[in-house]
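Student: Per the numbering used here, the very first residue in the sequence shown carries number 8; after that it's consecutive.
Because the hints were derived from the structure by calculation, they are not lab data.
If you're wondering where the values come from, they're calculated on a predicted model, not measured in any experiment.
Even for Gly, the Cβ is constructed at its ideal location relative to N, Cα and C.
Just so you know, not all the hints are guaranteed correct.
Unchecked claim - Below, in silico cross-link-like pairs of lysine-lysine (DSSO-like), each with a Cα-Cα straight-line distance of 30 Å or less: (1) 819 <-> 890; (2) 669 <-> 614; (3) 993 <-> 892; (4) 682 <-> 670; (5) 486 <-> 321.
To be verified - Label pairs and their in silico Cβ distance ranges: (6) 603 <-> 507: 33 to 43 Å; (7) 974 <-> 860: 54 to 64 Å; (8) 619 <-> 982: 42 to 52 Å.
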Amino acid sequence: MSLSGPAKEIQSLKGRLLDLINLRPGEEERTLLMFAFYTATSMGILWLEVSSAALFLEAYGAASLPWIYIFSAGVGLGLSVVYSWLQRLFPLRRVIVIIAMLMAVPVLGFRWGLTIPWLAAPMVFSMRLWIEAIYGLNDLNLSVTANQLFNIREIKRAYPIISSGNLVADVISGFSVYLLLKLIGLQNVMLLAFVVMVAGAAILYHLSRNYEHAFPDSPRRQAEDAESVESFKSRQRLQGPIQQYVVLLFSFFVLAQMLLFSIEFQFFNQLETNLDVDAIAAFLGFFSGLLGLIELFTQWFTSSRLIEREGVFKVALVLPSVIVVIGVIALVGSYPVRLGLTVMFVGLIVLKFFDEWLRYTLVATTRPILFQPIPDQVRSTVQSWVGGIAEPLSMGGTGVAILVTIAVCNRVGLVDTLVQARLFLLGTVVAALVWFAIMVLLRSRYLNLLVRGAERGLLTFSDANLRVLKRAFIEQLEKPGLDANKRSCIELLSHIDPKNVGEILAPRLEALPPALQRQSLEAMLEYPNPAYTAQVQELLEVPHQAPEILALALRYVWLAQERFDINDLRPYLPPEVDAVVRGTAASLMLRRGNLQERAEATATLRKMLVHDEERERVMGCRALGEADYMESLSIYIDDLLQDSSLRVRRAILAAIAATQYKKYYPSLLKALQYKSTREAAIAALTRLGNDALPMLQELALDSYRPEILRNQAWQVIGNIGTVSALEFLIQNLITTWGSTRRHILRILLSLYQESGVKRSSLIDEALDRMLGRSGIEDLLNTELAFAGQMLAAKVDLASNRVEGIEADLLRKALDGLQADATERLFMLLRFVSPATAIQAAQVSLSGSAAQWARGIEILDNVVDVANKRSILILLDRRLDADKLKLLALSTPLIAYRPMLPRDRLRQLLDLRNFLSDWTIACCFHLARVQRWNLTAEHTLASLQHPTGFVREAVLTYLAVASPRALRELLPLMQQDADPLVLAQVKQLINTYNLEPSPSAG
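My request is simple: use the sequences and hints to build the entire structure.
Tutor: And the structure:
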């Protein structure tokens, strides 16, 4: 049914809105609900904070804030322990709601306690303590819930919108405080905070019910045990540079939190000194509202663009720099006694404003990036250390430091308020300078780890400053060290900045060992630049230079320069010159010379191509590829393709691809059939890129070609990796079945998980555009429905209902098909769930009962697709009949209706396009021995099957079930391409005394 005009407009408007906020269809509801939950809870906490701040300053004064920091650290650690403990007792979807209510319920106790005079003071202290502790608990609850509801790609799009709920809460709660104070009073704002927090918990409850499949059903015990050994091994990896980086990272976050609480203490101290209680509450409301509005716009429109343009560390260094500048200005301006207190008051308000603004926008945005150099195996552990230990400890440490400073000042007689304020501000400036220094050290270690991790593919460089990276590469190349490290450095440099690789490599060519010289020249030859010809020219003048380096240098110089003298190449053409240099010179002359000079080069190459020595012919073929001109020597290609030397045959295949000589493209496909030339043919076809796609696509989809050849065609299409190639793979992933779909899935998974930055981006975009999350789930559903059909067939064709060898063979074939469907399920799950966890679960399911249970537990915790329950049932160790009943109840994809064995066999053949060749053959053999009638459609379609033994099984069935129909069909089968089928046809013709066709034989 088509949409009406207004409905189309609404749909179009919705699509544009989703594009504007960078969300995909299907993500908007979860994102909106999470945003609403976080906004409501944060709004309640902020109202509570404003109320408690004013009451606390009235009852205890800012001097007591350090005790809040100390006790809050203990309460924060305790709540983290409670959170983990609850997860061991209850399913996660209940834990998140319990935690949300746990944050809200004590507010009623605080409100009641404030009405009792002798309880008011302790309640104010407890309330302030509780607020400091639940801030972290709220963020932890948010991140845990988000990680369950969104996969890693979805969360990158949705989390910035969700996390801005705190900023929206800042704006709404801040600007509404003044009005609320006038309408309901300071203490009653707490009741409103409780109501809003409960509303947030209700939204979270709705989320946990509506998206129940995203949460595990059981407490997280076995998953922790399963990961304990791996966690221990991961901790052992924190050694050397990584350990140093983690220590610096730990220090970075400790100092960040210490500065936060130190500035907060001084801020509240100034408010207490200069304002009364009502004025403090009103000021805090306006301050947080204005700040939240600015933070919101900064986060939405500035942070990501600034980081992309300036780099991670430049942006992170802004905050400590601002703290130092404002702190120094306030210190200097506070020395005139008459204006000292006013300057200090204004200075600390400005300092608090910039600290909050920059901390929760720029610094918060860079935080995930700082963990990227840490290996995946230990990254989550390190993050939990920082969130669960570093930040609470820094809070307590700040409180202790403030109390000790105040005690020392009082002991030595520094009791003046302004003097103590200057001392604290001076300490803040010093701490900011130390923080700045730690960031500088972090930047150095960050880049070193990037270089070290390049070969292992730990991360990408999209967020790194290229200039700083180049300085790190130069240092790595110039200092003494292993050639392997320098080789990795050159490879990484050519990957991230291939056009300007000569800027770093050319001045250092002469100092590099021969192997690295060769690698450098090969990298520079991708984009020859005349600016570096002088440095490369020096390699040509080195006596007794290695032939390979001489040839590469010669090629670079001639391809880079615009003006040249062809006579300079002639000294390299005589037969006594090494073949690789002679071939390079001839190819350059063939490429850049005039008609006479090309004839001279052609003569040189002709001698090489027909030379008795293998090396001469190999180098001649390579020279053909480098020349980009093959017509005059094409008469030798046929002989070279049949050359006795495998190296020569491989070299000429590469030359055909390099020169894009379309006449011999079929030779590349033919070379795919032979093991000896397959690797060279794959490389040649891959080099052709999109030009090779039409013939590869035709080969891959030709079901009458050998499966191994079709698989090689699919593999080459994956190697090409262009947008067109990826789209063809994904389109056929949807339309193909069986082993072909499995092979395409393997190729796409390889591209998805192991490829470089550029190709990884292409596959991500192609998958999102053509499939998306909903498309992957549709594919999962088809596999699940197919597995249900196989289960139904196994139940209806069970051994107690159908006996015999043929029935046993069919049941084994059905087992194989179900196993294949399960494997494809696991492969598809790796696109929407953590790949390592899915792989670990898949391995565990084939082990002992304990390992199998661990595997199911892992899947229950990491899989978040709509039919997760059905997948777990399918993998359960139950009887097929019981499993089928549960599946029929859990999903509408599987509707089981018991059938007679013969009817189930016919229904299986209705699904023949999804069955393996062997299964179809088994169906006909079973029908033959059981004397079951099959339809004419089944038999005629299967007689045209591309696999010979399927046609053979159909003929055998017809010989028993319908001899008259067989007599009519046999003359049509006398031209069959399969020799076994042809022999069977001849035998049957003799059996029935039929006249053979005149064209047969």
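Student: Taking the hints in turn, state whether each one holds.
Tutor: Structure-based check of each hint:
no.: 1; hint: 819 <-> 890; result: 18 Å, holds
no.: 2; hint: 669 <-> 614; result: 25 Å, holds
no.: 3; hint: 993 <-> 892; result: 48 Å, violated
no.: 4; hint: 682 <-> 670; result: 23 Å, holds
no.: 5; hint: 486 <-> 321; result: 26 Å, holds
no.: 6; hint: 603 <-> 507: 33 to 43 Å; result: 38 Å, holds
no.: 7; hint: 974 <-> 860: 54 to 64 Å; result: 59 Å, holds
no.: 8; hint: 619 <-> 982: 42 to 52 Å; result: 47 Å, holds
Checked against the numbered hints above, the structure violates only hint 3.
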